[in-house]
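Given next are the chains, with one letter for each unit.
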Amino acid sequence: MHLRYVFSELGQGLRRNLSMHVAVVLTLFVSLTLVGLGFLLNEQTKEAEDYWGSQLQITVFLCTENDPNVKCVSDVTDAQRDAVLKVVEDNPEVAGHHEESKQEAFDKVKKLLGEDLFEGPNPPATAEAMQETVWIELKDPKEYEGIVSAVIGLDGVSGVRDLRDELDPIYSSIDALKYGAWGIAIFLVLAALLLVGNTIRLAAFARRKEIGIMRLVGASSLYITLPFLLEALVTALIGVALAATALLSFWFFVIDQQVRGKIRITPWIGFDAVVGAVFWVTVLAVVISVVPTLLLTRKYIKV
Amino acid sequence: MIRFEKVTKTYAGQARAALDQINVDIEKGEFVFLVGTSGSGKSTFLRLVLREYRPTSGRVYVAGKEINRLAGWKVPGLRRQIGTVFQDFRLLPNKTVSENVAFALQVIGRSRSYIDKAVPETLDLVGLDGKGDRMPDELSGGEQQRVAIARAYVNRPMILIADEPTGNLDPTTSVGIMKLLDRINRAGTTVLMATHDAGIVDQMRKRVVELEDGVVVRDQTRGGYGLEQ
Ligand SMILES: Nc1ncnc2c1ncn2[C@@H]1O[C@H](COP(=O)(O)OP(=O)(O)OP(=O)(O)O)[C@@H](O)[C@H]1O
Ligand SMILES: [Mg+2]
Chain X
277 MHLRYVFSEL GQGLRRNLSM HVAVVLTLFV SLTLVGLGFL LNEQTKEAED YWGSQLQITV
337 FLCTENDPNV KCVSDVTDAQ RDAVLKVVED NPEVAGHHEE SKQEAFDKVK KLLGEDLFEG
397 PNPPATAEAM QETVWIELKD PKEYEGIVSA VIGLDGVSGV RDLRDELDPI YSSIDALKYG
457 AWGIAIFLVL AALLLVGNTI RLAAFARRKE IGIMRLVGAS SLYITLPFLL EALVTALIGV
517 ALAATALLSF WFFVIDQQVR GKIRITPWIG FDAVVGAVFW VTVLAVVISV VPTLLLTRKY
577 IKV
Chain W
4 MIRFEKVTKT YAGQARAALD QINVDIEKGE FVFLVGTSGS GKSTFLRLVL REYRPTSGRV
64 YVAGKEINRL AGWKVPGLRR QIGTVFQDFR LLPNKTVSEN VAFALQVIGR SRSYIDKAVP
124 ETLDLVGLDG KGDRMPDELS GGEQQRVAIA RAYVNRPMIL IADEPTGNLD PTTSVGIMKL
184 LDRINRAGTT VLMATHDAGI VDQMRKRVVE LEDGVVVRDQ TRGGYGLEQ
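If you're matching them up, the sequences are chains X and W in order. For this note's numbering, add 276 to where a residue sits in the first sequence, where the first one is 1. For this note's numbering, add 3 to where a residue sits in the second sequence, where the first one is 1.
The following block holds chain X by itself, in its conformation from the complex (with noise of 0.2 Å):
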């Protein structure tokens, strides 16, 4: 195919309607930051849930060797363990539960607080110290009475902790940042859909005279539409690049700079957080700028 017609198309398109593409993009900026600030605060509020449990779940600590607990005696033993198991599956009003080790609630301490503060010979804390826990999911975290009650008498059990009246408002707060973000994502998204399709039916108009030719000599859809794609292309990668050069700022120069060593009551989200909300936030583009294309160059170089 001869791509040579179709660059120099892009190229003139894109000067063409310049002041339409800028418009395309700053809305797009913006838009995809929030949709990306959202995706960042959702991962945020996993990597807490993680480490706190989530709205849905209670903590069941089971014995150590020096546990703060009198009543306990040694580590829980196997049979004390099965049976705690036992009455937590038996529960109606459990959804599910997995056990952690000692070992991965080490690993968590040494996330939260740093791998380096636990090298060298004095760490403050070892995994032998930590507790081992079963983590319960409940059906409905109204509902969590009859579960505790069964549990915190068992043998081998040094307490249940339910941190949700805690964790609530803090969850809440995030939630309500998350949708708000996306709340006014949804305006500008569908503020760059309208932009976006302006600026095909003024590139379509300008282009009339060529596009009647194309259609008349037996040029084929895809030929005739690929110049609008790659504008639309070109203006939402632009914008992704802005979005993603934001959300990796925020990530840097807030959460990685300066959160992370300052508050240390949850683990932090990672690169990888970043890589997610770049990729959904590319989809998203390519979703908003092409779809309106293909939707709309159908309708005006109808064959």
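The set of hints was computed from the structure by calculation and includes no laboratory data. The beta-carbon is built from N, C-alpha and C at its ideal position, and this holds for glycine as well. Please note: incorrect hints may appear among the correct ones.
[Said to hold, decoys possible] Just the calculated beta-carbon pair ranges, DEER-fashion:
no., chain 1, residue 1, chain 2, residue 2, range
1, W, 141, X, 284, 21 to 31 Å
2, W, 59, X, 463, 43 to 53 Å
3, X, 552, W, 16, 45 to 55 Å
4, W, 40, X, 463, 22 to 32 Å
5, X, 280, W, 138, 11 to 21 Å
6, X, 552, W, 114, 43 to 53 Å
7, X, 294, W, 40, 41 to 51 Å
8, X, 326, W, 114, 57 to 67 Å
[Claimed, not checked] Here are a few chain W residues that sit away from chain X, every Cβ distance over 12 Å (derived from the structure):
no., residue
9, 106
10, 206
11, 223
Fit chain W with the ligands to the supplied structure of chain X, relying on the hints for placement.
Then chain W with the ligands, alone, in the frame of chain X:
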């Protein structure tokens, strides 16, 4: 080459049919004039051949294929076999003569080497050698129409369709254009031309199909513009 079987075309929102139960059969290599008063349906006939529209009823065959049943993605393939020329030339004003002709080949994916050979050859054929680098507005009307014919013919189509190609030209220039179309016809291309130009039709003595209110009222092998006395 082109066959209309009981073709009716009624435009959306129109009570009267633009073409009404038309039967026409055009053989390969024929030269056919389509005449008739304004609004008699000539352009509609040509658009049906190009499949710009589908007939409301009846069948249109081009090169043996029933084109109203052609899938949408095959329409470009049909149009590559048909060259089209209009009264208003439809050249791209920001491209040179050569570029205008080359454009028709580029957009259907012809190779550079083919284009570099076919474009000057065709410009030569239509009598525009040496004018390839001019812009359309530096040419006379007759020359612009020659560019349009070169563009329609550069892909060596089986059929050439011309909708009043001499409508904007003076009689002398028109004769030149007709000679060119005749030459293209003699080289094997079927030519179908809608026109109001009585002088030309009378002079050429080709087959004449006359439409009136969407109906064929005359189909004469070596006819004139009006009915013979
Ligand atoms: N796109 C359209 N929508 C509705 N009606 C149309 C359309 N094109 C043509 N018509 C009508 O169809 C009839 C035939 O038109 P057509 O253009 O085929 O005539 P014509 O013979 O080419 O006329 P002319 O000599 O003026 O070019 C006319 O009544 C016209 O008003
Ligand atoms: Mg007409």
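Hints, one by one, checked against the model:
Residue 141 of chain W and residue 284 of chain X have their C-beta atoms about 22 Å apart, which keeps the hinted 21 to 31 Å range intact. The hinted range of 43 to 53 Å is satisfied by residue 59 of chain W and residue 463 of chain X, whose Cβ atoms lie roughly 45 Å apart. In this structure, residue 552 of chain X and residue 16 of chain W meet the distance hint of 45 to 55 Å, their C-beta atoms being roughly 53 Å apart. Distance hint for residue 40 of chain W and residue 463 of chain X: a CB-CB separation of about 57 Å, inconsistent with the stated range 22 to 32 Å.
The hint said 11 to 21 Å for the Cβ distance between residue 280 of chain X and residue 138 of chain W, and at roughly 20 Å that hint holds. Between residue 552 of chain X and residue 114 of chain W the beta carbons are some 45 Å apart, a value that agrees with the proposed interval 43 to 53 Å. Roughly 49 Å separates the CB atoms of residue 294 of chain X and residue 40 of chain W, a value that falls within the hinted 41 to 51 Å. Distance hint check: the CB atoms of residue 326 of chain X and residue 114 of chain W are about 60 Å apart, consistent with the given range 57 to 67 Å.
Remark: the non-interface label on residue 106 of chain W conflicts with the geometry, its nearest Cβ contact in chain X lying 7 Å away (cut-off 12 Å). The non-interface label for residue 206 of chain W is consistent with chain X: the shortest C-beta to C-beta separation is roughly 29 Å, beyond 12 Å. Every CB of chain X is more than 12 Å from the CB of residue 223 of chain W (nearest about 30 Å), matching its label as outside the interface.
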